[in-house]
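As a plain string of letters, each chain reads:
Protein chains: 2
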Amino acid sequence: MTMPPPSAPYRFPVAARYAGMESSPLKDIFALAARQDVVSFAGGIPDPELFDLEDVAACYDWVLSHQGHRALQYGVSEGEVELREQAARRLSRDLPTDASQIRVTSGSQEGLFVVAEALLEPGDVVLVESPTYLAAVQAFAVHGARMIGVDTDDDGVVPEALEEAIRTHHPRMVYLIPTFQNPTGRTMPVARRQAVADVLLRTSVPLVEDDPYGALSFTGSTWAPIASLPGMGERTLLLNSMSKLMSPGLRIGWIRAEGPILDTLAVAKAAISMQSSVVDQLTVARYLDTADLDGHVARVSAVYRERRDAMASAIAPVLPEGAHLTHPDGGMFLWAALGEGYDAQRMLADAVAAGVAYLPGWSFYADHADLSTMRLSFVTHSPEVIAGAVERLGEVIAQHRRA
Amino acid sequence: MTMPPPSAPYRFPVAARYAGMESSPLKDIFALAARQDVVSFAGGIPDPELFDLEDVAACYDWVLSHQGHRALQYGVSEGEVELREQAARRLSRDLPTDASQIRVTSGSQEGLFVVAEALLEPGDVVLVESPTYLAAVQAFAVHGARMIGVDTDDDGVVPEALEEAIRTHHPRMVYLIPTFQNPTGRTMPVARRQAVADVLLRTSVPLVEDDPYGALSFTGSTWAPIASLPGMGERTLLLNSMSKLMSPGLRIGWIRAEGPILDTLAVAKAAISMQSSVVDQLTVARYLDTADLDGHVARVSAVYRERRDAMASAIAPVLPEGAHLTHPDGGMFLWAALGEGYDAQRMLADAVAAGVAYLPGWSFYADHADLSTMRLSFVTHSPEVIAGAVERLGEVIAQHRRA
Chain A
1 MTMPPPSAPY RFPVAARYAG MESSPLKDIF ALAARQDVVS FAGGIPDPEL
51 FDLEDVAACY DWVLSHQGHR ALQYGVSEGE VELREQAARR LSRDLPTDAS
101 QIRVTSGSQE GLFVVAEALL EPGDVVLVES PTYLAAVQAF AVHGARMIGV
151 DTDDDGVVPE ALEEAIRTHH PRMVYLIPTF QNPTGRTMPV ARRQAVADVL
201 LRTSVPLVED DPYGALSFTG STWAPIASLP GMGERTLLLN SMSKLMSPGL
251 RIGWIRAEGP ILDTLAVAKA AISMQSSVVD QLTVARYLDT ADLDGHVARV
301 SAVYRERRDA MASAIAPVLP EGAHLTHPDG GMFLWAALGE GYDAQRMLAD
351 AVAAGVAYLP GWSFYADHAD LSTMRLSFVT HSPEVIAGAV ERLGEVIAQH
401 RRA
Chain B
1 MTMPPPSAPY RFPVAARYAG MESSPLKDIF ALAARQDVVS FAGGIPDPEL
51 FDLEDVAACY DWVLSHQGHR ALQYGVSEGE VELREQAARR LSRDLPTDAS
101 QIRVTSGSQE GLFVVAEALL EPGDVVLVES PTYLAAVQAF AVHGARMIGV
151 DTDDDGVVPE ALEEAIRTHH PRMVYLIPTF QNPTGRTMPV ARRQAVADVL
201 LRTSVPLVED DPYGALSFTG STWAPIASLP GMGERTLLLN SMSKLMSPGL
251 RIGWIRAEGP ILDTLAVAKA AISMQSSVVD QLTVARYLDT ADLDGHVARV
301 SAVYRERRDA MASAIAPVLP EGAHLTHPDG GMFLWAALGE GYDAQRMLAD
351 AVAAGVAYLP GWSFYADHAD LSTMRLSFVT HSPEVIAGAV ERLGEVIAQH
401 RRA
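Chains as they are written, first to last, in the UniProt record's numbering: chain A, 1 to 403; chain B, 1 to 403.
The set of hints was computed from the structure by calculation and includes no laboratory data. Take the hints with a grain of salt, since some may be wrong.
Just so you know, same-sequence chains aren't split out, so a pair can sit in one copy or run between any two.
Stated by the list, open to error - Calculated lysine to any residue pairs in the SDA-like style (CA-CA distance at most 25 Å, straight line):
hint : residue 1 : residue 2
1    : K27       : Q73
2    : K27       : W362
3    : K27       : Q345
4    : K27       : A15
5    : K27       : Y74
6    : K27       : S100
Source: prediction; values computed, not measured.
So here's chain A without its partners, still in its complex pose (with noise of 0.2 Å):
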């Protein structure tokens, strides 16, 4: 037998899509920001104060009671009959949905890379806004394919840029995130929704529209999703998550499709994880047929609502001169960019240093980079908290401000 000398550990061959990736940047932000005197702004992490955790542990303890021997079985890839129709019931109330057209998730991560793995091909372009959801990126990087940003402003992408650029690039789809995006926190008017739909039925351009956070909304309107335009259901993957509405811990979400599609989504899935926990599905589903989803999401984005406020009106007086910063009207983030000149990864040390952590923006670009923005999360911490660690960092503002 032939050992190999003690001093040339084994080296697994790593395949080219992870290779260099053994650590992150982002990781090593994440593991400051989770130091105990660090007011953290850089997670989109729910308050875990606010889960209704009572309701959740009546809906697991009534499923194990009473469908304890599925709950343990083997279940199907497409997902649990309950919850796959409490899915389309709500879903129904902008766009009509049948329990068939819903494919369950671990996730909405696990939705996106679903979809990335049933239609993305080497080489395939993407076009995402500019700012997007890095970990989308990442899912679609790793099957091999190449990230355009699309232009954006306060309304979110631009058609007419997204027109220009699917006729550059022929994208093999559009990935957006129409309310309350993330790293924005903008919401697309439904004016705007219609100008994109338009590209895409022009364009025959199949679209992937993440929403997890178009409930929680401050201002008690919420926003039909682009699935719901004319002509827009047969193209659009449509994707929710509970994360953000009941619990990240569960791990469930949903892709809402039509035709042929659902049958590779549901091959894929299987191949990925043939499927979700039955356990959690099942009490998801009991949650949403008899605890008030709607009533507790209410409650939630109230709380959101005066953490955004302290944040905002915290965060304004000590922006540079010239600086942008977004208005969200739900959801979980603020994004500023401080202006040319400044750059958020680097100033990111003195301000863990004074107590406070953000995302540097840098991550969420696919290309061209704004490095003066940076992501804040309002959602974890109190008004008085969040007062606080705003003004320590508009310190740390002032002391990198250009001279």
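Please arrange chain B on chain A, whose structure you already have, making use of the hints.
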């Protein structure tokens, strides 16, 4: 706005890896097998009556009562530390393992997919047992890998054939299920394991060792994984699952690895699904910490042994002369090769008409399928039901006896 004519429904682009996979012959078989009037030996479905539902429900209750806010919150891609500690504790009976060497996955299927993501490039060769587990083949195939079957005998993969295949095909990895294999039920004896390890050490090809069934022993003996042999720990990715021991519905498994590949596995897991259900992870950890899994598995194994005996003694007399039947000492499956002239796929319609279903063996071969083979799961039904159904299967086999 251009609307598509109603006669031309929108067709999503589908990646080549899933082209033509909208349905599968196996899906049709499982649909047939699910008929009320059919006794199915097709699926590897644990008997739900044997689930330790009471203890599992108590663990969910405990987790939600004592760790509720954490259970509903985001976790980490590596997996919750309590579960990794319990996994390491169990593995350390045969192979010293630290919690830091565990990566939690949503069942073994996601474990196989994570491994494929981390290691495989399109065009890579994966050597597999002939026959092998079909869902593993699928997880590798959608990554563009080419599977090549290596000859096996009643002791598992043949070391000389493995070495020859490695020298001929330069595989990226070797995938083996050494204990109570799916689909054959066969187990590699200790000397064979060492011979296989010697080949892998000489050729420096990594091993993916899948061990979901190893604890389901009918003899009281268990087999240490190949990963525990000298030199093999650092070059083996060892997969375990709770699906066959505790519950498939929970979708919890793990990968044991050493060195830098652990980081790649975590990054791949994050891209695929961020993390596994925290509720389910903490519940499995609590179960492993407080319930008697070994006692439970011993009780389940005793029942399965009776059912194996019932199936083995019923089927032996109805097999044609020259047929080959495996004699599993554990696990869930018997494997029968009826011999030349028989086509188990073609025979299935008659079997289902007679009220009994199995899985035709062709689907378990990467290449050069023996069409006369069938996989029979003995775990789902009582000895009486098994005996009656096998008798009817015998009549069908007799009808198909070659003239």
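Report task. Quick one: which hint numbers does this structure break? Sort them smallest to largest. Result -> Failing hints: none at all.
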